[in-house]
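Asks: Chains as they are written, first to last, in this note's numbering: chain A, 1 to 485; chain B, 1 to 109; chain C, 1 to 493.
Hints are computed from structural coordinates only; laboratory data are not their basis.
Just so we're clear, the structure is a prediction, and the values are computed from it rather than from any experiment.
Hints should not be assumed to be uniformly reliable.
Listed next, the stretches of chain B that the computed footprint assigns to chain C, with coverage defined by at least 3 CB atoms under 8 Å from CB atoms of chain C [said to hold, decoys possible]:
1. 6–15
2. 18–24
3. 27–40
4. 70–81
Cβ atoms here follow ideal geometry from the backbone N, Cα and C, with glycine treated the same way.
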Amino acid sequence: MKRRSVIGLEIHLQLKTKTKLFCSCSSDYIGATPNTNICPVCLAVPGTLPILNDHAVELGVKIGLGLHCSISDNTRFHRKHYFYADLPKAYQITQYEHPIAVGGYVDIFADGKEKRVRVHHLHLEEDAGKLVHPTSDGRLTGASYSLVDYNRGGMPLSEIVSEPDMNSAEEAIAYITQIRQLARYLEVSDGEMESGSLRVDVNVSLSNPDGSLGTRVEIKNVNSLRSIERALEYEIARQNKVLDEGGHLVQETRLWDDVAGVTRSMRSKEGERDYRYYVEMDLAPISAGPEYVQKIRESLPEMPWEKRERFISEYSLSLEESLQLTEQKEAADYFEACVSEGAPAAKCANWMRMEVQRILRDLGIGINEFPVPASELGKLIIKVEKRELSNTQAKDVLAVMVEKKASLKEAVGLCGISDGRITGHALEEVIRKIFASEPEAVETIKSGNDKKGAKVKFLQGLVMRETRGSADPAEVASLVNSMLG
Amino acid sequence: MIKKMEMDEERLREVLGFSCIGLPEEEYAEVLDRVNAVLRMCDDMQELDSSNVSPFEWDVMKAPARREDIPVTWDGRDRFLDQAPVRDGDFFHVPRIIARDDVEMEEEE
Amino acid sequence: MEFHKLSALEIAEGVKKGSWTASEVLSAHLDRIKKFDGQINSVVTLSEESAYSDARETDNAVSEGRDPGPLAGVPFLVKDNFCTDGIRTTCCSKMLSDWIPDYDATAVKRMKDAGAVLMGKTNMDEFAMGSTTESSIFGPTLNPRDFNRVPGGSSGGSAAAVAAGFCPIALGSDTGGSVRQPSAFCGVQGMKPSYGQISRYGIVAYASSLDQVGPITRNIADMAAVLGVLAGPDPNDTTCDAYERPSFSETASAGIKGKKIAVLTGYDAESMDSPLIEAIEKAVEYCRSAGAEIVEAKLPITMKHAVACYYMVALGDASSKLACFDGMRYGHHSDGRSLVEMYKRSRNQGFGKEVRKRILIGTCILTRGYYENYYVPATKVRQMIADEYAELFKGVDSLICPISPALPYKKGLVEEDPVRMYLGDAFSSIANLAGLPSISLNIGFTEEGLPTNVQLMGPRFGDAGLLALAHAIENKAGSPPIADIEKKGGCRE
């Protein structure tokens, strides 16, 4: 029996600050020698106190606003107590009651339709250190000892908790993708699952026939979108099977095993963990009053959905085109810079979605590393519009611009297309094309049957027409003759 | 209406686990007596009507400015590691996190 | 010149004038400590080399015509829960018996920057948990006024050192009376400034919202000078208020003419030792003769509920702040076959019995069910207590009340009278709960030579006004003399 899947997601975004949440250690810890990005505060040396990072609050408010949340003033941090090797204070400073942002939403596209997923809240908290286990698969099971690296300990996180509004893996992926996009648009986080700046815990249950929520299972250790998809698929099937066979589900946390493709129950302590949350009195309430929030609101860039709508109306793009172009803010900016050169929007869109996209994919780079400035691409497109270049020629030119990091002018020269004139290799190419389209004429000439040279003249004429008069007739004649052999 | 709660041995055993502290069984009673004495003192608080009172907050005269986001490198790292009881090269070394007869959470990060 | 008999300000003035050097002054105090502290046991770590080095710096500044600071050459001691760079900081516990921090607490740094000379660390109850300084791994401290009695606690070492003339200034920490009660037992002046007055950075924490650095001196002018040096915002402690402090030294001599002073009533005075009641009466008289108006005040919510409230907050927070001691990064380490076993062994062996019990009690209070039904209501009652005081101080400038219901206890005696136990905790903890400034001021001594102190309290951040009141009373009562430790046994029969 197919029951309705109910999915909620907790997303941890590492905030893009320069320092940790409660100390001035650098946030640039990836790749650093273990335990070099530490200080007495994040090591919990006796006598030290946490000192809140102003920029982290700003970024938290930013993303809260992007999620359409209301921002609360004077919220508190709390201590979450437990003993573990990666937690020096034996408590994590987080927010428990009254988080900094509440009641927002994210609009997603999934399963062919638009849907609004509600955000319950967003709160700030510090990250824990990292453990290294000397096992063959690097996992904790079977490790006879572990090594602790506190470099990451104290990094600022914003945890975004959704309502259980999603009902399919596709919706879950769409939600995560939207949040990631928003985080990057706002420059609040890199939002990369691979490097750990975006982490997801999945909650899934199957609703009962009467519509009430079923037993909720939390899934941890899903480190990529693909893993989340597979884990949800597996877990939903598992839960259905258990219920179909008349069994009972247990409210528990399960780990996703990416290799085996299954979720496994975590052996949990007898009795639930009691984190003994209470107010962190070493820190003052977080001041985030209406004026402060308004200032941040005014500084927000255009949101992804705003840009999407504007591209459709302002540039007469289709939804699909707009979606693709606005997926990354950098690409959208590039597009607009291109258009502002004077190139038609539709053509710019096409060029970006086809040629540019192909080149980026082939080179394995992002739009930020694309060596052709938007203005140059714009000028190239204008040339095509003015028929100074054919489409094919333009693609060649672009290829040269990328390969040789040449300007438009240089690349045109290198391709043998003089400014406004088609010459050299480019002209030869046109001639070859004409020859290919008129095989009988070529055959006649080559077999020596073109006594009056009418066929030659015919071909030359075609070449002139093809190049729209931008070729030198003498050069055309000489090349045609030489190429005919 | 707050119920009058009495701490029992079961909770104390849990607390021993939460706090990673040991206590010989013969001393359980003393600790429970002390906890319960404190709780009994708190029972009297129920006579106060604190329904319109929010939990304690300081009156701040002037809040200090929040910390600017400027990285600072600590120069005491090497000395600290030299003195750390469980130092293992660049790391801190801990024994097996999951013991055979110990029930612990398997946290993967 | 008997340097140990000089006040801090007198020493500083002499150093600045060139009448004597910081090194001479230091030498005299160190000699006294070495001669007499063997019995009293107030100092747990004497740091002579660094002290002479600091003294030389002050002397160099003077000889080079630079300003050596307001406390130039004044020797001082700090409680062993103050982090001191290069000097072991043990909290008198096995857990930290070998720990040497590489930084100075802000309070220590500011004293040094003011020209004062750090001589070493004083004895305390282990991790500040106690009120007799009998739970230290270094053994108990004796009361310089009577070697058969305790000096109070947990800052017993600091209070005893000042009373014995080992230094004119010592610093302690006050979470629920830990500076003021030992000051009362040892017959010296002790202050707990307003919460947020002095940075807590570098003080090994007991309870985040109760702890405050407390200076101990033999006179109020010195007290005001120290407060002026220590108070002020610190980027390392955001709970330290950034308001602009007045000059405490200047305002201390403002007098109390026309001020309205309340005397606390409504508690069971019968259970108190009568000399302490007389001390209150004397203090009141002195205030009247200095031109103040005296009224009575009752604080029903406070007197009834402060103790319960205090226990909730202090024990809960202590269990939390002591959780970082796990044997991994610093402190006592014991091996274990598993992570949890390592934690348990390190903590069980590092912490003494009383500390372990308090951690357990505090953890219990914060667990599910008890937190909602007891801890949270206590935080509301705390606000009600603070409100009750705020209301009081709308109408009066200061409050006089006892600091302790009892004269200093005999060694090893456990207070059994529940009313006295209760009152003791009540009087001393209320200032911490509401964050008010409080001074434990010596009024006189009994015939047996035991000190009688009273407590003065003011509105939050009314430290300057409170010092003025203390100064005015001290003008009449006189500042306490150094204990007669030269006489064997210390106390007259």
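Asks: Each hint needs a verdict: does it hold in this structure or not?
Replies: The hints, checked one at a time:
1. 6–15: holds (count 5)
2. 18–24: Held - the stretch 18–24 of chain B has 6 residues with a Cβ nearer than 8 Å to chain C, which meets the minimum of three.
3. 27–40: Three-residue rule met by the stretch 27–40 of chain B, so holds; n is 7.
4. 70–81: holds (count 3)
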